[in-house]
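Engineer: Going down the list, the protein sequences come from chains A and B.
Numbering-wise (numbering that gives the first Met the number 0), the first sequence opens with residue 0 and increments by one.
Numbering-wise (numbering that gives the first Met the number 0), the second sequence opens with residue 0 and increments by one.
It is worth saying that the hints were derived from the structure and are not from the lab.
Computed from a predicted model, the values in this text were never measured in an experiment.
C-beta: ideal position from N, C-alpha, C; glycine also.
Accuracy of the hints is not assured; some may be wrong.
[Claimed, not checked] Lysine-lysine pairs mimicking BS3-like chemistry, simulated, CA-CA at most 27 Å apart:
id, chain 1, residue 1, chain 2, residue 2
1, B, 608, A, 23
2, A, 167, B, 599
3, B, 599, A, 17
4, B, 599, A, 97
5, B, 487, A, 177
6, B, 599, A, 23
7, A, 97, A, 23
8, B, 410, B, 535
9, A, 167, A, 177
10, A, 23, B, 25
11, B, 487, B, 25
12, A, 91, B, 599
[Claimed, not checked] Rough simulated footprint, nothing fancy, chain A against chain B, three-plus residues with beta-carbon under 8 Å:
id, segment
13, 135-146
14, 228-235
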Amino acid sequence: MSQEHTLNPEVFPDEPEKATLEGKNKFLGFWFFLGGETVLFACLFGTYLALQGSTVGENTAENLFGLELVFIMTMLLLTSSLTSVYAMYHMKNNDFAKMQVWLGITVVLGLAFLGLEIYEFYHYITHYDFTFRSSAFGSAFYTLVGFHGGHVLFGLLWIITLMARNAKRGLNLYNAPKFYIASLYWHFIDVVWVFIFTVVYLMGKVG
Amino acid sequence: MSTTIAQKRGIGSMLWDYLTTVDHKKIAVLYLLGGGFFFIIGGLEALAIRIQLIKPANDFVSAGFYNELLTMHGTTMIFLAAMPLVFALMNAVVPLQIGARDVAFPFLNSLGFWLFLFGGLLLNASWFLGGAPDAGWTAYAPLSTTSPGHGVDFYVLGLQISGAGTLIAGINFLVTIVNMRAPGMTYMRMPLFTWTTFIVSALILFAFPALTVGLFLLMFDRLFGSGFFDASMGGNSVIWEHLFWIFGHPEVYILILPAFGVFSEILPTFSRKRLFGYTAMVFATVLIGFLGFMVWAHHMFTVGLGPAANSIFAIATMAIAVPTGIKIFNWLFTMWGGSIRINSAMLWTLGFIPSFTIGGMTGVMVAAAPADYQYHDSYFIVAHFHYVIVGGVVFGIFAGLHYWWPKMFGKILDETLGKITFWTFFIGFHLTFFIQHFLGLMGMPRRYWTYGADQQLELGNVISTIGAFFMAIGAIVFIYNVIITTAKGEMVSGDPWDGRTLEWATPNPTPHYNFAQTPLVRGLDPLWIEKTEGRKGMTPAEPLGDIHMPNPSILPFIMSLGLFIAGFGFIYQIDDPRWLIVAIVGMGILLGAMFIRSVKDDHGHHIHKEDLEKGAGL
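Isolated chain B (complex conformation) (with noise of 0.2 Å):
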């Protein structure tokens, strides 16, 4: 019935419904459709760097050119690509995770994925517009404050609105998550994909406060003549290091910990086990979380704040390792003994695990402070934070993809393409990468657009780039198999794993209720337990009765044109005055929207007892 309604609404119904959709089973789709256009571009950024190292003195591209590549390639794969896809995994499964029928914040659900796009395509317009940010993703002042051209300005508005977005998002899930909890679903009864989300979402709102300050006093630098950065009028730039890192040490983990949740449910899924250790996964997710917080010096040891400060911030960093590494044995304890198999989602489990360790290992050889002089600013560093990014991220969001695409979608992805994908990718990313290390040890520095063909950096980069090559590919075969499972795929069961969670429990399609009865949890996977009591299904924790839903709103999308019109608006005053005029259109816009969602009730609706035995809204 639900295909024959597909095929006769339009295609601008359709567009309308994702336009004011609340559901956060479609805002996960829109996060994904979003954070994937980013990471093609992102990924097209790091091939041009790729192919212009693939030999010395290259003049692929210009330097100017080159330094435009390397910022933009670090923002986009940071802000619009790992954080929304990380997104997008837990708009699909958090609520289904803790049983509720929806977020705590349906709206601003919506608006923070709008902010987030609106804010993404303004920072990516100025590559048609005069030139992207040319400073690095850090933009470290004055380099950022004297950049010529709207480049950084673009970076500053672009970061701050899709900034905005994800502290409301990190709201909503904390929120959803204290909240909404279905009937029996205790904290430590949560699964642990649902407790990364949680802590994710406090190092959200704690963070990314620090970037919005740090960013409108370079705003206000660059746009409207203060001098916070500026030191012939007093100003101090290793405010914006500090302010920088407050946020962007933490940023680090907001990535990081959602993988590491991924990983928590696959694992256990396929191997026919309960997680091993789940106290102390969720002990030491929260102290990963709260030691994030204090180790955002280890990015400055050679800015000079003395021994005693650096000492205090390699002591902390190091001791990262510790929860990290109960994380590590906890998942290879889960797969002993376990009766294991092996699909593309436990292939990027399986490669991530010794990915991750090379990478975490590095990180505590650049967490020693004097070892780090060395390494500093060179291509050691640089595969570091690829090792951990891609090897923990990317690999998480590949697994994290393939495990829940028959939730998302209800098709499972074609094994075989999934599997070229892992290996294409695995070997493309080890060859890429392992080599920086060493170039970075013989003294290749970071962002450089070029080196000498006297420095024997040529045999390392011609690898790296070849790497990068296979990664290329792996990505490709990744999207031909969505489109393929897309077009030519068979829906499956909605428990197509034999799943362990509350989110395997719902059918296929999901309905956009979730439950139509919210389930009553008895303890850690609550699914598995009704299995091994012999029942197919959840138990109910409540009669059928009317559910109340909220109502779609087009308001998320215009406050979020309106921020973006009033970005340029801010962006080109400073070069003629008029332009304010736009800006105050744009914020106009804004207000006015926030007005209308103010005063216009939204009580949203009822979902009838009798319509739901019919089965309606399926």
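One chain only, chain A, in its complex shape (with noise of 0.2 Å):
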């Protein structure tokens, strides 16, 4: 009972992400995976930008990228991460309501994005013959776009996962962590395609 009590106290607390031992564990924890996901992605860069001029033909970055299709991307992914900041300010309300709806609305447009990054794999591979196994820059390219996208997937198997699990219960001292993490989880994905939209395709236009 005493569990219970810990976990939905009548007032709720400013930072509920971090009320209990858990939950300040929890987001510690992440914000050092996310240190180590930082040096994953600058590998992955580093490569690339090692990488980004080995084509083997004519499909080199200029010829290849469109910017119109890669900033719809850009603006559904930056509006995903404020419509995430929305949901957790809900969370710190203890609006459990309002914090589902915005976290749809972060879902909704994270399938938009997914969307539109298959569709511009399908778009090269089907048109410029461009694949993994093309040449290294091909290679380089599938990995560090596609590393990115399966974050991206998972980030929104782990938030609709979240928001199910949750959606009768409501919130408490327990799964605020885990809303919270999960949101942190976005904005990283955010960040980094932020670095990919500069580095792969406005310097691959431009370069």
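Each chain sits in its own coordinate frame; assemble them with the hints.
Structural biologist: Next up, the structure:
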């Protein structure tokens, strides 16, 4: 019974994600994890930059990429980051229903981004015959952007699972940290995309 | 009471207990068993290498098999023996040293162990499935990308899985040390072993992802037709070297810093003095960890990065000698004027100081880029890194095991056998590796399976092989010591060495919640402070109350098993796409277990105050 009481206090604390020791541990541990993820993506970016020019043929970054599509994708993902901030705002106010709505919008935007990315890859493969196996540039491009896409997919499954699991019982101090770190993950994905947009697409078109 | 319970429990329930345990003390035992197992395998591989080299043009093993032996010896010793044995000590000691009841993520702690074990098993399964990896532990492309058979595929998948476990363990220790310290345990009151664990965990966090990426790229090249390291597709094999060493150099500090921590615990205890220069020791540890990321290209001096890059990396490398020197002198000054007791743990420590110093000095020699063109890929390098890895890490593990054995298992290892182990191993170690410096300077290259009779390399190699057998005898005596002590040793008190740090404040055996009341830490060497003020134990920081503990779980085992199965699928799908089904099933098991973990609430359980008073959980 005391457990029930600690996890469902009468007054919801200001930072529900850090109100329990488990929550504090999750919060800090996840920040550390994101530090490791940063190194992971840094290595992928380094590899991509080293192999950017190794195109073996006409399928260069400049010939392939279209900034219109990528701009729409960027807007979708940036907006989804904003909506996840709204969701966390409502979580801190203990407004479960509104949090679910904003998380739902986040998921829809993420799905749209993922759909466009799949379309983009499909387009390169069918129209340009530009694949993972075409050249070292192809390998590096699909690996870097694909790793990011894989993170988006995992993040979506994660948020959907959390929303479904807690739909009936609402917020408490046990699941608040879970929602919070899922949103941290989502922000991280967004930040990585900003770098992909700059390094892969913008520099690919200009450089 | 606890022994009768243990006798009543069957083997089955004991096995289930260890499969599902989230208790850091039991996970330490698992790491010790797993690491010890792979240490024996790696040692047998070393003996086979030395037998092959005992005379010129020997044919004890074939050239191809020799390549597999040396690859697996290096890979096994680094990833599957040294690291888990270090993790065994960390798990056994660090939560106790900071006055915590468990680690921050007990579930992940268990997952880290099982990932390591299944990764190691997958790697070693290659012996029975068409041949082990044969491209060296560094697996340089394009040798590794073009190596026939599936050996290197097992290397890639096995290390990927066990590396994930290591990363998880690193994050776990970081959070444990930041969040779980007892009241009063400030950063500058933490014992040195906790400090080194902390820094090492940070190194793991920032170094292992580079290996993860490198292994992914190698896997994609070998199994999915990409061209990262394939020059004909525009790839660049030097990328692998960079990624490998960006991980690989911090890795050697990941191994040696915990050993430094072990010695920094043993010396104050057996000199009955506080550690000399505690602040400088902490500073040196942090500095070594930081500089460890700045020096990876000293493994690549001969690649042709140019004089500017080589100079920068050479100077950064030599700079590491400064904090390391600080440590050596602080250890010596800790003993200065102390009332010194020499036992097995101290012998390993005393043996370490000169041995490691030799390895450090050859390290500065090879750090000089122009000179390194002479040493590169010769036995001089082999001698250098065995002096630091064996003379540092292995001595540290032996010292730590002797020191903390009574804390882990309640009994003191036999001193006579311990001394026999030390002297045979110590003499054998110097016999094996000292002469290899000269073999290298005489021109004997690394990794060659044999040498000619006219090269005057025979005497040195004979001496080296004899030394290896001395080391093997030492290791066998140690295992015998463990068996004898377990069977016949007597239980000792919780503080057999008259210790200074918090781990010695728990009774023997340590209850699974470690501390009935969280201790109040009032300074460096907290237990010693209480002792000098005439108290027998720690002053509690809280009244006796209910204790919250995590629940055991089989899911970490199932997740790791899923990845293990998926590993085979990924390796063999290149022969037959139907193996992809195996990969999907394995990944399905992993993701399914993750899903269950996510949706099933796990609140842990409480040990009630009334039961604590009755002695429950002992």
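Engineer: Please go over all the hints and tell whether each is borne out by the structure.
Structural biologist: Going down the list of hints, with the structure as the test:
| no. | hint | verdict |
| --- | --- | --- |
| 1 | B:608 <-> A:23 | 25 Å, holds |
| 2 | A:167 <-> B:599 | 14 Å, holds |
| 3 | B:599 <-> A:17 | 21 Å, holds |
| 4 | B:599 <-> A:97 | 24 Å, holds |
| 5 | B:487 <-> A:177 | 49 Å, violated |
| 6 | B:599 <-> A:23 | 20 Å, holds |
| 7 | A:97 <-> A:23 | 24 Å, holds |
| 8 | B:410 <-> B:535 | 21 Å, holds |
| 9 | A:167 <-> A:177 | 16 Å, holds |
| 10 | A:23 <-> B:25 | 25 Å, holds |
| 11 | B:487 <-> B:25 | 21 Å, holds |
| 12 | A:91 <-> B:599 | 23 Å, holds |
| 13 | 135-146 | violated (count 0) |
| 14 | 228-235 | holds (count 5) |
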